[in-house]
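The sequence shown begins at 1119 in this note's numbering and counts up by one.
Since the hints were made in silico from the structure, they are not lab data. Don't take every hint at face value.
Unchecked claim - Calculated pairs, DSBU-like style, for lysine-lysine (alpha carbon to alpha carbon, straight line, at most 30 Å):
hint: 1; residue 1: K1141; residue 2: K1329
hint: 2; residue 1: K1141; residue 2: K1337
hint: 3; residue 1: K1337; residue 2: K1151
hint: 4; residue 1: K1151; residue 2: K1137
hint: 5; residue 1: K1329; residue 2: K1217
hint: 6; residue 1: K1138; residue 2: K1151
hint: 7; residue 1: K1138; residue 2: K1329
hint: 8; residue 1: K1329; residue 2: K1151
hint: 9; residue 1: K1141; residue 2: K1151
hint: 10; residue 1: K1151; residue 2: K1217
hint: 11; residue 1: K1217; residue 2: K1137
hint: 12; residue 1: K1217; residue 2: K1337
Stated by the list, open to error - With beta-carbon atoms standing in for the labels, derived distance ranges:
hint: 13; residue 1: V1344; residue 2: M1277; range: 16 to 24 Å
hint: 14; residue 1: R1146; residue 2: G1126; range: 31 to 39 Å
hint: 15; residue 1: K1217; residue 2: P1186; range: 42 to 50 Å
hint: 16; residue 1: Y1355; residue 2: R1133; range: 24 to 32 Å
hint: 17; residue 1: L1161; residue 2: A1332; range: 38 to 46 Å
hint: 18; residue 1: P1139; residue 2: Q1295; range: 21 to 29 Å
hint: 19; residue 1: F1298; residue 2: R1146; range: 35 to 43 Å
hint: 20; residue 1: A1332; residue 2: G1363; range: 43 to 51 Å
hint: 21; residue 1: T1286; residue 2: F1150; range: 40 to 48 Å
hint: 22; residue 1: F1298; residue 2: A1237; range: 48 to 56 Å
hint: 23; residue 1: M1277; residue 2: E1239; range: 50 to 58 Å
hint: 24; residue 1: G1331; residue 2: I1188; range: 54 to 62 Å
hint: 25; residue 1: V1348; residue 2: P1189; range: 37 to 45 Å
hint: 26; residue 1: A1237; residue 2: R1146; range: 31 to 39 Å
Yeah, the Cβ is synthetic: ideal placement off N, Cα and C, and Gly gets one too.
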Amino acid sequence: MNYLASVGSYAIMIREVFKKPTKWRIMRSLIFKEIDELIFSSLGIIIFISFFIGAVVAIQTALNLTNPLIPRNLIGFATRQSVILEFAPTFVSIIMAGKVGSYITSSIGTMRVTEQIDALEVMGVNSLNYLVFPKIIAMLFYPFAIAISMYVGIFGGWMAGVFGGFLTSEDFNTGLQSDFVPFHIAYAFVKTLIFAFVIATVPSFHGFYMKGGALEVGKASTTSFVWTSVVIIILNYILTQLLLG
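Put together the whole structure using the sequences plus the hints.
This is the structure in structure tokens:
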């Protein structure tokens, strides 16, 4: 029953986010601030993880191609498919659930503990719109970060494959271009947009409705990461069945 009540509270929160909007002059500065903190500040870790994930995929594929009849360009094909379909949109989103989600929960939870949210409501401000809506808008730019992740991941696979001596650059590029389905890019970005909404709202829910003091802020951050990851994994399965099944 507690889970059902939480789902209902989450749905009510989403509805309240879009009611009684804050003045655009104020909201604009909040949105730019959130884009900087949620997207730009995360590019470093996204690029780092994506490069080595692509490299590991290429190396593991190369090491498992023991049959001489299997063409080496399969390494490029496997790297492209793995990075675009799964690692970039899903694996990076789970990492972002930890980095960005914990930040969102702790920042809103701290405002709840220090009664800043109560002060906003006393002044007649829709606190949910003021705090959560800029994060949702900022996370609409998340697909650009995932596009960078895809490029860097494939580049990492090329570096590992070519400089590791597993195949030539021509073989990798041939595999990279073979049997390419443009819809796979659209599928990845659809997933990314939905995951972005989850990353912006689920941690906000745990931060906004938390109770207690500073210790509970840390517990809420951990709980939000767990549940954001769970929701992302479940949605990943559902979207894969709907879009590719």
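Cross-check of the supplied hints:
no. : hint                        : result
1   : K1141 <-> K1329             : holds, 29 Å
2   : K1141 <-> K1337             : violated, 33 Å
3   : K1337 <-> K1151             : holds, 26 Å
4   : K1151 <-> K1137             : holds, 21 Å
5   : K1329 <-> K1217             : holds, 22 Å
6   : K1138 <-> K1151             : holds, 21 Å
7   : K1138 <-> K1329             : holds, 25 Å
8   : K1329 <-> K1151             : holds, 26 Å
9   : K1141 <-> K1151             : holds, 16 Å
10  : K1151 <-> K1217             : holds, 17 Å
11  : K1217 <-> K1137             : holds, 28 Å
12  : K1217 <-> K1337             : holds, 15 Å
13  : V1344 <-> M1277: 16 to 24 Å : violated, 34 Å
14  : R1146 <-> G1126: 31 to 39 Å : holds, 32 Å
15  : K1217 <-> P1186: 42 to 50 Å : holds, 43 Å
16  : Y1355 <-> R1133: 24 to 32 Å : holds, 26 Å
17  : L1161 <-> A1332: 38 to 46 Å : violated, 30 Å
18  : P1139 <-> Q1295: 21 to 29 Å : violated, 46 Å
19  : F1298 <-> R1146: 35 to 43 Å : holds, 39 Å
20  : A1332 <-> G1363: 43 to 51 Å : holds, 46 Å
21  : T1286 <-> F1150: 40 to 48 Å : holds, 45 Å
22  : F1298 <-> A1237: 48 to 56 Å : holds, 54 Å
23  : M1277 <-> E1239: 50 to 58 Å : holds, 53 Å
24  : G1331 <-> I1188: 54 to 62 Å : holds, 60 Å
25  : V1348 <-> P1189: 37 to 45 Å : holds, 39 Å
26  : A1237 <-> R1146: 31 to 39 Å : violated, 22 Å
Of the hints listed earlier, those the structure fails to meet are numbers 2, 13, 17, 18 and 26, in rising order.
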